[in-house]
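Each chain, letter by letter, is given below.
Protein chains: 6
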Amino acid sequence: MICYITRKEHFNAAHKLFNPNWDKEKNELVYGKCANENWHGHNFELYVTVRGTPDPETGFIIDAKRLGKIIQDHVTEVLDHKNINQDIPYFKDKLTSIENIVVWIYETLRPHLPQGALYKVKLVETENIFVEYMGENNL
Amino acid sequence: MICYITRKEHFNAAHKLFNPNWDKEKNELVYGKCANENWHGHNFELYVTVRGTPDPETGFIIDAKRLGKIIQDHVTEVLDHKNINQDIPYFKDKLTSIENIVVWIYETLRPHLPQGALYKVKLVETENIFVEYMGENNL
Amino acid sequence: MICYITRKEHFNAAHKLFNPNWDKEKNELVYGKCANENWHGHNFELYVTVRGTPDPETGFIIDAKRLGKIIQDHVTEVLDHKNINQDIPYFKDKLTSIENIVVWIYETLRPHLPQGALYKVKLVETENIFVEYMGENNL
Amino acid sequence: MICYITRKEHFNAAHKLFNPNWDKEKNELVYGKCANENWHGHNFELYVTVRGTPDPETGFIIDAKRLGKIIQDHVTEVLDHKNINQDIPYFKDKLTSIENIVVWIYETLRPHLPQGALYKVKLVETENIFVEYMGENNL
Amino acid sequence: MICYITRKEHFNAAHKLFNPNWDKEKNELVYGKCANENWHGHNFELYVTVRGTPDPETGFIIDAKRLGKIIQDHVTEVLDHKNINQDIPYFKDKLTSIENIVVWIYETLRPHLPQGALYKVKLVETENIFVEYMGENNL
Amino acid sequence: MICYITRKEHFNAAHKLFNPNWDKEKNELVYGKCANENWHGHNFELYVTVRGTPDPETGFIIDAKRLGKIIQDHVTEVLDHKNINQDIPYFKDKLTSIENIVVWIYETLRPHLPQGALYKVKLVETENIFVEYMGENNL
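Going down the list, the sequences are from chains A, B, C, D, E and F. Take the first sequence: its letters are residues 173 to 311, numbered as in the numbering used here. Take the second sequence: its letters are residues 173 to 311, numbered as in the numbering used here. Take the third sequence: its letters are residues 173 to 311, numbered as in the numbering used here. Take the fourth sequence: its letters are residues 173 to 311, numbered as in the numbering used here. Take the fifth sequence: its letters are residues 173 to 311, numbered as in the numbering used here. Take the sixth sequence: its letters are residues 173 to 311, numbered as in the numbering used here.
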């Protein structure tokens, strides 16, 4: 009897898309307005899905408040009101595409959850674009 | 040509999380504010997904209005404006975690739909927490 | 230069609509399912609007985080995961209609904000029903 | 490292559900108000999910703006402010159920995306009903 | 102690914007895609606001279920799954702009509510456009 | 017969709250995480409300597409994917609080609309905070 519980958290952050191996023109060609050197930002919505069998004693796969605390401690407190390119060491030399951010979130959360429990991370950048990553749980 | 149709319904209900094998302190430790003996409540949003091939005569996997009626008759009319712990016999001695509620909804709906048609039940408790159950369709 | 800032908070609570001067039949006639003696509940969304001129030093009418703290301390922490009829003394002998709840929230918040600053309180009970109260600021 | 990116677009269109092999009574019996011969309409929300590995040079599975342009050029510009039954040749003799519309959108988009990239199309007809189609990616 | 209660209802309808005093070119110039002679449609969301003092016996300004019934009987059942230009006599020779539809809804509802009770009608055509009408309650 | 039409647009931007007359400690005390010197950002949602009498020839107060174009040309194209503090000359020496941004938007739009037509500007910074400004139309 496997259930999936999803917890939503959010953070507001600045970033820019800029490949340092390219000149400004190529960056603007590829990334458009997202390459603005003075940064732009988003309200990111984060959905973390954990898979498991409800514990007969508690009725819970995982306590949603504890799941929220894990996400806050390791991800949203780290990213909230930050500049992802400048304030997060992992992204010092990585492109801050949503794809790369969502993979970082997944890998950051995984060791803090029971083995095999983390099922999916979904990151919503705007109301029109979101990215999902499932590690090895790929469909 | 398999499609998935999802119908949203909702109900408003009271419940509390309380394990009768524990004393009040342990319940408050595990369940926090959800253990308030005087109950609390939610607007639950329910998404039911049915899988099938569109009927060439109607274009439908299943008539969405009929699907809505099945959900209302067997689930939302039963739970709406009710106390899940007290008014629903199945939960007289079961924990009313969202995990257990979503499994009950899935098992309640399955016999009223064509065999193999019920794919997933998703229950949203607050804007920040939802649980999904897929029976044997686990990913 | 008068601006209006609105802060959203939320709480989940149980209540029932029941006039003790009427018998059960009359209560069910007037309140329908809302009269269920075993309670039901909602996710309430609360919007509090404060009016004022931005302070030239801070750019703020009021610090939105401080406004949030005032609402949490005096309203949402008091109501969250509670039974409004039983746990809130003001409602011991008052009907817990949204109209009465929203007036209570307005009167509870007013003394904790600068004089004349509280403009409107809006309480959303379900996605289909909300009530607004503006004290003496009536249109 | 496979990610899934989803882009939302929308269109507003008229349609009716009417099987020309049946008389008006049977159509009204099966389709209810959706059979109104004078048409009705919806704001359709379309979610297109593409699967792939982020390109190390750009960080992208696919440029979300380019994905949006592909959807607009081949689907939403074709359907927006149109009568699906009358203005879209494919539906001249097809039932315009959401199931059939979503399959048409999937098949229309597939050749314009890299092979194997199109993962899922989801079409939301009202806030209470949506249909998903995944071609051969069925779960 | 004046409160404002708002009830949301919805309907799905087809319409087109077309001034019969103009030729097709002028209609397309003024109305763009909305002039498509084969119609288009929307999911309309309707918010009706009623003003009043809560009745001390019931706690209600007006019973929200009764308000919903009045809106359904006189407005949404009349408009739902209809062609506003063809199926609603009032619009046979009127432009079906949201402005004109919202005024019609306001005038249609007013006689079915206590005198002075109807405060505002808001009609949402798409997630990006809505119109409000308040009769003589103009700000 | 006065109606109010509202058009929603949006932009994504970076900013920080920082008063140059204060040292870093005072800025962090007043603005908290919003004072991060490396910026943060938001998806801003902008609602612009125009007041008027529908033109009997068109049925419109103002063409919603033209209103959208005016907002895009003068506001959202100017702010989108920008750093409000650095890229917008008006804010070079102004605090970029939502209050100040919404006043700037109102004053920027007013001369591009018919006299007296601009009624209200509402700017949503996060799902929990928004500010409204009505110029001299104050309630």
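Treat each hint with caution, since some may be false.
Which copy is meant is left open, because identical chains are indistinguishable; a pair holds if it fits in one copy or across any two.
In silico DSSO-like cross-links for lysine-lysine, where the CA-CA straight-line distance does not exceed 30 Å [to be verified]: (1) Lys-205 x Lys-237; (2) Lys-292 x Lys-196; (3) Lys-196 x Lys-264.
Quick caveat, the hints were computed from the structure, so don't treat them as lab data.
Evaluated hints:
In this homomeric assembly, Lys-205 and Lys-237 come within 30 Å of each other (Cα to Cα) only across copies, at 11 Å, whereas the closest approach inside a single copy is 38 Å. Taking the shortest Cα distances, Lys-292 and Lys-196 never come within 30 Å of each other, neither inside one copy (35 Å) nor across copies (35 Å). Taking identical chains as interchangeable, the C-alpha atoms of Lys-196 and Lys-264 lie at most 30 Å apart whether they share a chain (18 Å) or sit on different chains (24 Å).
Checked against the numbered hints given earlier, the structure breaks only hint 2 and satisfies all the rest.
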